[in-house]
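There are 2 protein chains.
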Amino acid sequence: MQEPMTYRDRLRVDVLALARRLLEAEGLDALQARRIASEAGCSVGSLYNVFGDIDGLVVELNAATLDRLGRSLSDAFQAEVAAGLHDQLLALALGYMRFAAENRHAWEAVFKYQRTSVVPEPESYLEAQEQLLALIAHSTAEFITAAPERELAARALFAAVHGVVALAMDNRIGGKLRADLERHVRFLVGVLARGIEASGGR
Amino acid sequence: MQEPMTYRDRLRVDVLALARRLLEAEGLDALQARRIASEAGCSVGSLYNVFGDIDGLVVELNAATLDRLGRSLSDAFQAEVAAGLHDQLLALALGYMRFAAENRHAWEAVFKYQRTSVVPEPESYLEAQEQLLALIAHSTAEFITAAPERELAARALFAAVHGVVALAMDNRIGGKLRADLERHVRFLVGVLARGIEASGGR
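If you read the protein sequences in the order shown, they are chains P and H. Residues in the first sequence are numbered consecutively from -7, following my numbering. Residues in the second sequence are numbered consecutively from -7, following my numbering.
One or more of the hints may lead you astray.
One copy or two, either will do: identical chains are not told apart, so a pair holds if it fits within one copy or between any two.
[Said to hold, decoys possible] List of simulated lysine to aspartate or glutamate pairs, DMTMM-like, C-alpha gap at most 25 Å:
(1) LYS104 - GLU141
(2) LYS104 - GLU189
(3) LYS104 - ASP1
(4) LYS104 - GLU(-5)
(5) LYS104 - GLU134
(6) LYS104 - ASP79
(7) LYS104 - GLU72
(8) LYS104 - GLU143
(9) LYS104 - ASP21
I should point out that these hints are in silico values taken from the structure, not numbers from a laboratory. Note that the structure is predicted; figures quoted are calculated from it, not measured.
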């Protein structure tokens, strides 16, 4: 028989659900301790008691976002598991692009939130990052056989695709990028896949 | 004989120099109208009279940063003008990385400043972006012969390198990136150059 939830556990679940709705509807600026406490019907003190501070809450939200992103990309990867490097990388990159577009505020919070506390990120957060990078590394395994180089490659490939998506979402470099985003992603993945294939054996 | 500067012209020059020092020393948050006016010895009204609003001031600072970046990358490119695609792209990418590291706050302001006004960016700003992209496009001209594809390629390549640099500067995806930044840039440029060379004729 399941233990009944304590007040603290229930508050955590309720606040996370509320904060996620606020984040999705209004963006990071909506995540103010006083407003969340007021809407959750608890005191700011209770909120801090559960999450430490607002950083703690945002880090939990970001960990949940990374987890959803990881599952979404894992599904995209599974659909191309029998395909070659190009199609696998493209599935991951387009999956990343779509997740960013459909979860704009939550996705931005992962990359834009400036933490004020010095507490390290929780293990689950780092694990979600590693799982994401592992999918990319897996795609390249046939061509990049040394594990350390494969790990470096996965981080660089992630950052490259992230850069194309993030600049387009911000629409900062010229005004044309957002409309052209999918073409940019397809071009970049094409070049990257050919470059990795051509490096096989070097 | 040169016309003497008007009060308005002198204020513009003084405020831009002051704002640039504030930005470099303390970052974007230091650019508050009241503080700048106080340190420049003018009223907030005079400040707005010259720059429109704080957005106008930041856009002028950002245009100056893009101009300095462009000149720095142009020098890097000239040094490799007789080299091949890989060495040219690497010079541009490493030049970009160094500029970002050495002008951290000014560089971040270009990409992170959230404008509040709807006035379009000035022509000089867009021109500085185009010049930067033209350097990249020039590197690839031997392999990507169609101009529209070359322009798309330049934007995608810029965004890819920017992504690697920006994530490392933020140090967001894992804790290892900052130290590994130059290795990531070299890996990425290596893959991109091979990929572009391999695509010649396709």
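The hints, checked one at a time:
| no. | hint | result |
| --- | --- | --- |
| 1 | LYS104 - GLU141 | neither (28 Å within a copy, 31 Å between copies) |
| 2 | LYS104 - GLU189 | neither (34 Å within a copy, 35 Å between copies) |
| 3 | LYS104 - ASP1 | neither (28 Å within a copy, 37 Å between copies) |
| 4 | LYS104 - GLU(-5) | neither (38 Å within a copy, 47 Å between copies) |
| 5 | LYS104 - GLU134 | neither (34 Å within a copy, 38 Å between copies) |
| 6 | LYS104 - ASP79 | neither (30 Å within a copy, 33 Å between copies) |
| 7 | LYS104 - GLU72 | neither (31 Å within a copy, 35 Å between copies) |
| 8 | LYS104 - GLU143 | within (24 Å within a copy, 28 Å between copies) |
| 9 | LYS104 - ASP21 | both (11 Å within a copy, 15 Å between copies) |
Violated hints, listed in ascending order, are 1, 2, 3, 4, 5, 6 and 7; each of the other numbered hints is respected by the structure.
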